[in-house]
Amino acid sequence: IMEATHLELSLGREEHAVGFWVREPFPSIATATKLRAGKVTEKPLFITSRMNEGGVIFADGIEQDFIAFDWGRQVRLSPASRVLRLVVDR
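Okay, so the sequence shown: first residue is 1278 according to my numbering, each after it adds one.
Quick caveat, the hints were computed from the structure, so don't treat them as lab data.
Beta carbons: idealized from backbone N, C-alpha and C, even for Gly.
A hint or two may mislead.
Simulated crosslink set (EDC-like; lysine to aspartate or glutamate; CA at most 16 angstroms straight-line) [unchecked claim]:
#1 1316 <-> 1285
#2 1316 <-> 1292
#3 1320 <-> 1330
Just the calculated beta-carbon pair ranges, DEER-fashion [to be verified]:
#4 1330 <-> 1310: 11 to 21 angstroms
#5 1367 <-> 1289: 35 to 45 angstroms
#6 1287 <-> 1336: 35 to 45 angstroms
Model the full structure from these sequences, guided by the hints.
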C-alpha cells in the first residue's frame, strides 16, 4: 500500500510503533482525506468510520481477513503490549 499511495513511512526494527496507510483515500463532498498514513506510538489513534457501506480494516495486506468498518463504527489503534520476534534460521 505504501508503494501504491506513494506515502513513505519509516519504522525502525526496534521501534515500538504501528504504521498505517489508507488504501483508497477518496474524499467525498462531505469529508476530506487529511489522514492518509502515519505512525502510532504510545498515544492510541481513534477513528470513526464515515463510509455508508463497504468499509473494511485489514492488516498485513491480507484482505480476506478483514473487520467490517461501516458508518459509525469506531476503532482504536495502538501497538500491542507483547512484541513479536521474527526468528530466521540461516
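We went through each hint and held it up to the structure:
1. The straight-line distance between the Cα atoms of residue 1316 and residue 1285 is roughly 11 angstroms, inside the 16 angstroms bound, and the hint therefore holds.
2. Between residue 1316 and residue 1292 the CA atoms are separated by roughly 11 angstroms; this keeps the pair inside 16 angstroms, and the hint holds.
3. A hinted pair counts as satisfied when its Cα atoms are at most 16 angstroms apart, and residue 1320 with residue 1330 does not qualify at roughly 28 angstroms.
4. A beta carbon spacing of about 18 angstroms between residue 1330 and residue 1310 agrees with the range 11 to 21 angstroms that was offered as a hint.
5. Evaluation of the 35 to 45 angstroms hint for residue 1367 and residue 1289 yields a failure: the beta carbon distance comes to about 22 angstroms.
6. Taking 35 to 45 angstroms as the suggested C-beta distance range, the pair residue 1287 and residue 1336 does not conform, at roughly 19 angstroms.
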